[in-house]
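**Q** In case you want the letters, here they are:
Protein chains: 2
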Amino acid sequence: MSENLLAVSPINDDQVHLLTDLNVNVFKPEDLDVKIAAADITILYGWKPDIGNKLLNTSNSKLKWIHAISAGVDYLPLATIAKLRINLTNASGIHATSISQSVLAYVLHFVRGLDIARKNQEKHYWETNAETQAATISDYHYVVFGTGHIGQQIGRLLQAFGGHTLGVNTSGHPVKYFDETIALDQLDTSVWQSDVIINVLPLTDETHHFYDANFFNHFQNLFLFVNVGRGPSVDSDALITALKNGHVSHAALDVFETEPLPSNSPFWSIDNVLMTPHNTGVIRHFKKTQLELFLPNLHQFLQDGTFKYNQVDLTKGY
Amino acid sequence: MSENLLAVSPINDDQVHLLTDLNVNVFKPEDLDVKIAAADITILYGWKPDIGNKLLNTSNSKLKWIHAISAGVDYLPLATIAKLRINLTNASGIHATSISQSVLAYVLHFVRGLDIARKNQEKHYWETNAETQAATISDYHYVVFGTGHIGQQIGRLLQAFGGHTLGVNTSGHPVKYFDETIALDQLDTSVWQSDVIINVLPLTDETHHFYDANFFNHFQNLFLFVNVGRGPSVDSDALITALKNGHVSHAALDVFETEPLPSNSPFWSIDNVLMTPHNTGVIRHFKKTQLELFLPNLHQFLQDGTFKYNQVDLTKGY
Chain A
1 MSENLLAVSP INDDQVHLLT DLNVNVFKPE DLDVKIAAAD ITILYGWKPD IGNKLLNTSN
61 SKLKWIHAIS AGVDYLPLAT IAKLRINLTN ASGIHATSIS QSVLAYVLHF VRGLDIARKN
121 QEKHYWETNA ETQAATISDY HYVVFGTGHI GQQIGRLLQA FGGHTLGVNT SGHPVKYFDE
181 TIALDQLDTS VWQSDVIINV LPLTDETHHF YDANFFNHFQ NLFLFVNVGR GPSVDSDALI
241 TALKNGHVSH AALDVFETEP LPSNSPFWSI DNVLMTPHNT GVIRHFKKTQ LELFLPNLHQ
301 FLQDGTFKYN QVDLTKGY
Chain B
1001 MSENLLAVSP INDDQVHLLT DLNVNVFKPE DLDVKIAAAD ITILYGWKPD IGNKLLNTSN
1061 SKLKWIHAIS AGVDYLPLAT IAKLRINLTN ASGIHATSIS QSVLAYVLHF VRGLDIARKN
1121 QEKHYWETNA ETQAATISDY HYVVFGTGHI GQQIGRLLQA FGGHTLGVNT SGHPVKYFDE
1181 TIALDQLDTS VWQSDVIINV LPLTDETHHF YDANFFNHFQ NLFLFVNVGR GPSVDSDALI
1241 TALKNGHVSH AALDVFETEP LPSNSPFWSI DNVLMTPHNT GVIRHFKKTQ LELFLPNLHQ
1301 FLQDGTFKYN QVDLTKGY
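Residue numbers (our numbering), protein chains in the order written: chain A, 1 to 318; chain B, 1001 to 1318.
None of these hints come from the bench; they were simulated from the model. These figures come from a predicted structure and were not determined experimentally. Just so you know, not all the hints are guaranteed correct.
Stretch-level coverage of chain B by chain A, calculated; a stretch enters the list once three of its residues show a Cβ under 8 Å from a Cβ in chain A [what the hints assert, rightly or not]: (1) 1108-1122; (2) 1218-1226; (3) 1276-1290.
Where a beta carbon is used, it is the ideal one built from N, C-alpha and C, also for glycine.
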């Protein structure tokens, strides 16, 4: 039996043959109920709520596999997917290069004093060397929450600059590119006395508002808080307070509790915040790279119904 | 005979003993003509024009060695120093870490689109992902003019991010951390078709206004020009023209032909320029680090009058 794949995330026209060569029929959203019945879709490539939920709610659905084009899958109805015993894969790893490079861009921006330079440039003010002496990466200690693909690339780059890296994961198991690791439920002074916190944790019940007032109050004066994970992992009000009362000196934020960020959010105009519009994971040649990630999994799935990598554990949510 | 060292660049009080233990007498500028005659100074630590020229012009001067606390020595009267057969050492290497990290800060700023993010933040504008797709380091080709200590650290970091590095030096000899090297007088399309030019050349007669209109016109649309070398290596007017007519898209400049940069300079307000006030080489704990660089040379000089490293070739000027 051939598979029927619905591509809600677009596939380049000149690459569709890579799927049809494997006897996979490829449909676009406009084909639904026209060229193919919803119940006959077996693979969903990408996720859009309206189409996705329609397939999940179709009786006699033959849907066996959803491939999410992101690393985080918190925006999918995981409980329903688990109940229907549908396989879910994600695109973990595909964003590691671009996100880790943005994190280094943020870190270097503040460590090397580009934030100050930018303000002085606006004022046409030539700052003399005696006024400030910018740090270098090795002057600070870095804690990366989340030691998966993205966290490891961040650790690797920080180490290349001579930075000391502490990784936080569920069990505290050692991970490449981290000088030390610690368990998420055993945080101690090695975290509270660090200088830079970088969040790449997946969003789960445990990590919702993980970075709250209690977390930020542990720091006397954290140099930089970076969030390239998920917005709701941070209690926005608590972070804004911490930035104002000095528990946190600077923040670089790519993700927010509400996106797009409302125009009246204080984050837009807090002086010591650098923000990007949830785009550090956006990559050039995205369609091509995404399909290249998908194909080895498709090969294996067609052979034996299993996956080579990136299958989401629906009980954990990542 | 003990040496008499005049420290015009300050030495920490608690480190002076490291010199006196070696039977070196240490004097400060205010001691000149009071505690010590100008003619009796044998070592000048640092350079200030008034004091330096006074020593050089003193008859019967016993001055044998000038230690410059910078990598570039173009601001010293090299011909006079050569004629008087005085040794000159520099601080090459001491700034490599801080300068190379600033270069990566500049490069990542533009490559990862922080310049655009910053402008959107000012406007409270949430840019959608479809509008731009930032590059990553490996999307571009990098040419580093100057393959000494600083150039090599820049090459090393770019390679850690997956960047392709071409080094330019006098002979084109291979250097670690460069995928390729090319001679300064044999530039070809590998340079003109590159995306990012980084200048760390010393300032000499050959490199004065090396980056002129002719140079910039070779590029259809250079993504980024970085100058962390010397200001006069660049013809400012030519660069300003290139930034306006599109031969150069962005520039990151730490050094300028006139410093401090005059308040009416166009560089202050050109939209696609990021500037810092000649401070990328400024390092924390400068006095301590400088003395640590100086001491091994002093040890060897006291033994046999030669230097362990960093002696300037006065015919070349670096």
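**Q** Each hint should be assessed against the structure and marked as holding or not.
**A** Comparing the hints with the structure gives:
With 10 residues having a Cβ less than 8 Å from any Cβ of chain A, the region 1108-1122 of chain B passes the three-residue criterion, so the hint holds. By the rule of at least three residues with a Cβ nearer than 8 Å to a Cβ of chain A, the coverage given for the region 1218-1226 of chain B is violated, with 0 such residues. Here the region 1276-1290 of chain B counts 9 residues with a CB under 8 Å from a CB of chain A, which clears the bar of 3, and the coverage holds.
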